[in-house]
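Undergrad: Listed below are the residues making up each chain.
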Amino acid sequence: MFYGTDLTNRLMLGTAQYPSPEILRAAISASGAEVITVSLRREGTGGAGFRDILRKSGCRILPNTAGCHSAREAVTTAHMAREVFGTTWIKLEVIGHADTLQPDPFALVEAARILCADGFEVFPYTTEDLILGEKLIEAGCRVLMPWGAPIGSGQGLRNIEGLRTMRAHFRDVPLVIDAGIGAPSQAAQAMEMGFDAILLNTAVAKALDPVAMAEAFARAIAAGKQAHDAGLMPRRDMAQASTPVFGMAELLA
Amino acid sequence: MRIDLNGTSYETPARTLADLIAETGAEAAAVATALDGVFVPRDARAATLLSDGAKVEILAPMQGG
Numbered sequence: 001m002f003y004g005t006d007l008t009n010r011l012m013l014g015t016a017q018y019p020s021p022e023i024l025r026a027a028i029s030a031s032g033a034e035v036i037t038v039s040l041r042r043e044g045t046g047g048a049g050f051r052d053i054l055r056k057s058g059c060r061i062l063p064n065t066a067g068c069h070s071a072r073e074a075v076t077t078a079h080m081a082r083e084v085f086g087t088t089w090i091k092l093e094v095i096g097h098a099d100t101l102q103p104d105p106f107a108l109v110e111a112a113r114i115l116c117a118d119g120f121e122v123f124p125y126t127t128e129d130l131i132l133g134e135k136l137i138e139a140g141c142r143v144l145m146p147w148g149a150p151i152g153s154g155q156g157l158r159n160i161e162g163l164r165t166m167r168a169h170f171r172d173v174p175l176v177i178d179a180g181i182g183a184p185s186q187a188a189q190a191m192e193m194g195f196d197a198i199l200l201n202t203a204v205a206k207a208l209d210p211v212a213m214a215e216a217f218a219r220a221i222a223a224g225k226q227a228h229d230a231g232l233m234p235r236r237d238m239a240q241a242s243t244p245v246f247g248m249a250e251l252l253a
Numbered sequence: 001m002r003i004d005l006n007g008t009s010y011e012t013p014a015r016t017l018a019d020l021i022a023e024t025g026a027e028a029a030a031v032a033t034a035l036d037g038v039f040v041p042r043d044a045r046a047a048t049l050l051s052d053g054a055k056v057e058i059l060a061p062m063q064g065g
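Taken in order, these protein sequences are the chains called A and B.
Position 160 of the first sequence, counted from 1, bears residue number 160 in UniProt numbering, the numbering being contiguous throughout.
Position 11 of the second sequence, counted from 1, bears residue number 11 in UniProt numbering, the numbering being contiguous throughout.
FYI, nobody ran anything at the bench for these hints, they're computed from the structure.
The model shown is predicted, which means the values in this text are computed figures rather than measured ones.
Note that the Cβ used here is the ideal one computed from N, Cα and C, for glycine as well.
Just to be clear, a hint being listed does not mean it is correct.
[What the hints assert, rightly or not] These stretches of chain B come out as covered by chain A in the derived footprint (C-beta under 8 Å, 3 or more residues):
no. : stretch
1   : 29 to 38
2   : 48 to 56
[Stated by the list, open to error] Examples of chain A residues toward chain B, derived with CB under 8 Å:
no. : residue
3   : H79
4   : E83
5   : K206
6   : D209
7   : L232
Just chain A, same shape as in the assembly:
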């Protein structure tokens, strides 16, 4: 499914912005996530403790290239991440603008091409643009990660019709909604639409109770997936009685 790895739990959880390392550890555990995202930064304090949390989580690590604004920076960061984390997975972010955090589609494709050719398994943070998606596939990506809304905004699926079209267009490509999810209902909605996973961070980390919110997201995502697999009823414009009319008593005198 995701480069040959199937995931029972379709929540991919970010590890940033938690109130404490202990809450981070408990949130990962409560979410049941099998994939967590991490970054590479200049060493601050608590590095060893964080590495310990990663190791004990038993999760597959998805390092990111967050903060990179050029293909070259992203490629260098990806190589550094591959060595440190011992994985060929990379969440490729090439940011086009510091305020909007919108991906730079041109640099994204360029970096994806270089990394895929070098044996990386690339998870590109992209938009719902179909042509960009096709270029990423041509570059060698086998997963696409369209945004729901700008990173950290919690707006949910800002372009539902565009995402629906993307889902239909890339029928056989695993699609992960990455960024912008603020509430479990939004995550469930994306899963009901047939997306394969949800990657989120802020909505859990900044909740009043991150551990409880992690579990709420896991349950919503599982429910959304189950609903999609079960097949949603078609939407109708008009009412249609669910109770049969046949056999109804005549009670009007």
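We have chain A; now place chain B onto it with these hints.
TA: For chain B alone, coordinates are given in the frame of chain A:
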């Protein structure tokens, strides 16, 4: 010589990237390195010579989304 280490000017007697890592006390196996924007693999650090004004990044696993 004077280099740029993680964005800060830094005076060091280290001749190689491996020496520099040892000097800073960073855990060699837990960090990744780049010299002048180019990744330097772990097994190439000992043979990677530093020069005056070199830009070195020593990065470690951190929280990320």
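Undergrad: State for each hint whether it applies.
TA: Here is how each hint holds up against the structure:
1. Here the stretch 29 to 38 of chain B counts 7 residues with a CB under 8 Å from a CB of chain A, which clears the bar of 3, and the coverage holds.
2. Counting residues of the stretch 48 to 56 of chain B whose C-beta lies closer than 8 Å to any C-beta of chain A gives 0; at least three are required, and the coverage claim is violated.
3. Restraint check, A:H79 versus chain B: the minimum CB separation of about 4 Å is within 8 Å; hint holds.
4. At about 5 Å, the closest approach between the beta carbon of A:E83 and any beta carbon in chain B falls short of 8 Å, and the interface hint on this residue holds.
5. Given the 8 Å rule on beta carbons, the hint for A:K206 is violated: about 11 Å separates it from the nearest Cβ of chain B.
6. Given hint, A:D209 at the interface with chain B, is violated; its Cβ is 19 Å from that chain's nearest Cβ, farther than 8 Å.
7. This hint is violated: A:L232 has a C-beta 30 Å from the nearest C-beta of chain B, more than the 8 Å allowed.
Checked against the numbered hints listed earlier, the structure breaks hints 2, 5, 6, 7; every other hint is satisfied.
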